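Engineer: Residue numbers (the working numbering), protein chains in the order written: chain A, 1 to 435; chain B, 436 to 870.
It should be emphasised that the hints constitute simulated quantities derived from the structure, not laboratory data. It is possible that part of the hints are untrue.
[What the hints assert, rightly or not] Just the calculated beta-carbon pair ranges, DEER-fashion:
#1 A:Glu246 x B:Glu692: 46 to 54 Å
#2 A:Lys13 x B:Leu442: 37 to 45 Å
#3 B:Lys448 x A:Ala330: 33 to 41 Å
#4 A:Leu369 x B:Thr618: 37 to 45 Å
#5 A:Ala61 x B:Glu692: 40 to 48 Å
This one's a predicted model, so the numbers in the text were calculated from it and none came from an experiment. Cβ coordinates follow ideal geometry from the N, Cα and C atoms, glycine included.
2 protein chains.
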Amino acid sequence: MEVPSDLLVDINKLGDYVGEVVTLQGWVETTRGHGKVAFVVARDGTGTVQCVLVRDSVDGATWELYESLNQEALVSIKGKVKEDVRAPGGYEIEIHGVELLAPADDYPIQPKEHGVEFLLDHRHLWLRSAQQRAVLRVRAEVSQAINDFFYTREFVRIDTPILTGAIGEHAGTLFKTDYFNETAYLAQTGQLYVEAACPAFQKVYCFGPTFRAEKSKTRRHLTEFWMVEPEVAFADSDDNMRLQEEFVSYLVERALERCFDELQVLERETGKLEDICPPFPRISYTEALEILKEKGSNTEWGMDLGATDEAALMEDHDLPLFVYNYPKGAKAFYMKENPDDVDTVLCNDLLAPEGYGEIIGGSQREDDLNRLIARIREEGLPEQAYAWYLDLRRYGSFPHSGFGLGLERTVAWITGRHHIREMIPFPRLMNRLYP
Amino acid sequence: MEVPSDLLVDINKLGDYVGEVVTLQGWVETTRGHGKVAFVVARDGTGTVQCVLVRDSVDGATWELYESLNQEALVSIKGKVKEDVRAPGGYEIEIHGVELLAPADDYPIQPKEHGVEFLLDHRHLWLRSAQQRAVLRVRAEVSQAINDFFYTREFVRIDTPILTGAIGEHAGTLFKTDYFNETAYLAQTGQLYVEAACPAFQKVYCFGPTFRAEKSKTRRHLTEFWMVEPEVAFADSDDNMRLQEEFVSYLVERALERCFDELQVLERETGKLEDICPPFPRISYTEALEILKEKGSNTEWGMDLGATDEAALMEDHDLPLFVYNYPKGAKAFYMKENPDDVDTVLCNDLLAPEGYGEIIGGSQREDDLNRLIARIREEGLPEQAYAWYLDLRRYGSFPHSGFGLGLERTVAWITGRHHIREMIPFPRLMNRLYP
Chain A
1 MEVPSDLLVD
11 INKLGDYVGE
21 VVTLQGWVET
31 TRGHGKVAFV
41 VARDGTGTVQ
51 CVLVRDSVDG
61 ATWELYESLN
71 QEALVSIKGK
81 VKEDVRAPGG
91 YEIEIHGVEL
101 LAPADDYPIQ
111 PKEHGVEFLL
121 DHRHLWLRSA
131 QQRAVLRVRA
141 EVSQAINDFF
151 YTREFVRIDT
161 PILTGAIGEH
171 AGTLFKTDYF
181 NETAYLAQTG
191 QLYVEAACPA
201 FQKVYCFGPT
211 FRAEKSKTRR
221 HLTEFWMVEP
231 EVAFADSDDN
241 MRLQEEFVSY
251 LVERALERCF
261 DELQVLERET
271 GKLEDICPPF
281 PRISYTEALE
291 ILKEKGSNTE
301 WGMDLGATDE
311 AALMEDHDLP
321 LFVYNYPKGA
331 KAFYMKENPD
341 DVDTVLCNDL
351 LAPEGYGEII
361 GGSQREDDLN
371 RLIARIREEG
381 LPEQAYAWYL
391 DLRRYGSFPH
401 SGFGLGLERT
411 VAWITGRHHI
421 REMIPFPRLM
431 NRLYP
Chain B
436 MEVPSDLLVD
446 INKLGDYVGE
456 VVTLQGWVET
466 TRGHGKVAFV
476 VARDGTGTVQ
486 CVLVRDSVDG
496 ATWELYESLN
506 QEALVSIKGK
516 VKEDVRAPGG
526 YEIEIHGVEL
536 LAPADDYPIQ
546 PKEHGVEFLL
556 DHRHLWLRSA
566 QQRAVLRVRA
576 EVSQAINDFF
586 YTREFVRIDT
596 PILTGAIGEH
606 AGTLFKTDYF
616 NETAYLAQTG
626 QLYVEAACPA
636 FQKVYCFGPT
646 FRAEKSKTRR
656 HLTEFWMVEP
666 EVAFADSDDN
676 MRLQEEFVSY
686 LVERALERCF
696 DELQVLERET
706 GKLEDICPPF
716 PRISYTEALE
726 ILKEKGSNTE
736 WGMDLGATDE
746 AALMEDHDLP
756 LFVYNYPKGA
766 KAFYMKENPD
776 DVDTVLCNDL
786 LAPEGYGEII
796 GGSQREDDLN
806 RLIARIREEG
816 LPEQAYAWYL
826 DLRRYGSFPH
836 SGFGLGLERT
846 VAWITGRHHI
856 REMIPFPRLM
866 NRLYP
């Protein structure tokens, strides 16, 4: 067996070495032999490449080694780089020598159908699969796009705390922990904190993990998920929706531009994504209810819209749809009362097309101290915990608006995948805390 | 009082409107009057500007309003933009009219010395102060620089879970929560998870909040802080240190390049930062002990280095210093045994100059299955919790290295600030969970 040469090359750089003898290190994805010719598909994390082994041109030990190679064994392959338009990636390696660097006996995930619970039990290995790699590359691209969008628009990133003393929106769905003999809750949102940073920077955002202890097993729920929450001083609800449509369109455009190969792997119909650009259609909650009534829904004015209602509304839309100004009773205490209709608040949801449902919730915030106190009391929330939040209305109160976009739901829509549990490297579900 | 014109302008864009009459919205930082002329310094989050009010050129109501303005009142100011090289920012507003948009009676933070506990109690307002704004802008710039560094080098971002079933390094310093009748621990590191993603992407990183339930009140400890942890397949300990020095130098360069004004506000001696570039000096742990012995330290071979030892070592260095290959017993179980000296592991700390201490801990990871199992048993760690982690050594085990850089410690060094509690928008300390 030959000693590999020293010209170590990443697979995604093979194009720079056509005709040269190089060495690559990678994991064996598949092997198949045809008596005189065999193929090894290797992956090094930058890409995959097919390597061709001609029995007569290597020594017996190399052929024997080839025959013993298991899926996910780590190998070093030395060979000549050849251009081949038929090969995935456009290049092939003509193998001169192979070295086994680390074995992989009985790799659990075989190229057959496994149940999803089995795959989730082996998430630490499942990550290596082509579709999972594609999804997580899109996620990483969208994450960077989120940061780039706000950075180039001069927003200041504000990292908000996970450990909080204040109670969030849904007291029943909080994880809690002992905090040096106090009780801390894991944050469901960073919104209240980014609001505090507005008078310092005008435009701010947070982007991090959030937590919901919900006993929910739908395809749209995780107990731990990432959310980005911008907040803008002097912006009203209209400004807020304009920012949302610009933002979502940018994320889709970045994914199309820089993850085209990944979307192909996932067999995503990209035509539908190419049409995503502002403006998005807008209907009021009240208009939505009229449409839903015509479609046979029983939802009464005052109730929040459920997933079925959202799906019915989206039947008529290929673009994301804003539904704005929901009934006050259906939404959170901090949303600003609509001066033209005090039964509603200046808020919006943004529904994604193709059945992906709500990806954004946003609102103008109540900036009137007394109305905010009244709402806190109406909801029976602990006023003392919100003392600092009320201070923002005491000292130079200002109009401001913001929203939260769920990363995993957005990536599910962009990648066209059914279940958001695959949109995060290590999903946390009601029954899953491992690996 | 005049109605403000409609040409609403951000303070950092005033240069585009010299000679024009504009309106700005902002919070009053200070006012001072001299009988016939008065000054209002306003801040809108994009900048601050001095506005000049000439008594004879406005009506009585405007002057009266001026006299009633409190710190942090929100005002709308209409006036003419004038170039003035003496003014901070280079522009001034000649006031034509002022409108009070929201009052701020008895703003708690006055332009005098307050105790730090008082300021931390009012962190939601303290954020508005010039030095705090400067620090947090540097933090945001460094955060974006971290993402840009890895993105441009084709690392894939992997968001690792906060809620974990596995036990981390220091079982005694974990926050825990009930997780649907299981116990979950808040992650102290994402490292084990990013290791799992290496065979999928070769180069990966995580960047998010981490938690330590340490009863520590030093200026270098927070219970919740942000850490970035890259991990690279096929990289050894030397490669790892090269990546670290390149990374740290890039962060410093970005801060110098894009936060020069903020560093001036903080009176940072930037000359010392300008010299930060690779290579950084390297000494082994054993060499470090010899140097320390000469300096009178009692630290014995085998013990970890404390803050005092680190400070003594840094007396001789203006660049960050690598200390590598610590005794096995002083470091974590996952570090690779040094083949040339089995009493040590292939690891490094990176110490920042000017007394800022350790900002990075890194290592090559143990990739030998049996040695890793032996170390887990030696440390008395629960082997079952690490079953998935051991799988990474069972199936195509690979050499790999990585490190963790603490964001707040790094920003403290770059900004030249003493205490890391100011390096994060809402610090969490042993005695502080609010606001």
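Engineer: Against this structure, judge whether each hint is valid.
Structural biologist: These are the hints, each one checked on the structure:
1. A:Glu246 x B:Glu692: 46 to 54 Å: violated, 28 Å
2. A:Lys13 x B:Leu442: 37 to 45 Å: violated, 53 Å
3. B:Lys448 x A:Ala330: 33 to 41 Å: holds, 39 Å
4. A:Leu369 x B:Thr618: 37 to 45 Å: holds, 42 Å
5. A:Ala61 x B:Glu692: 40 to 48 Å: Violated, since A:Ala61 and B:Glu692 (Cβ atoms, about 55 Å apart) do not stay within the stated range.
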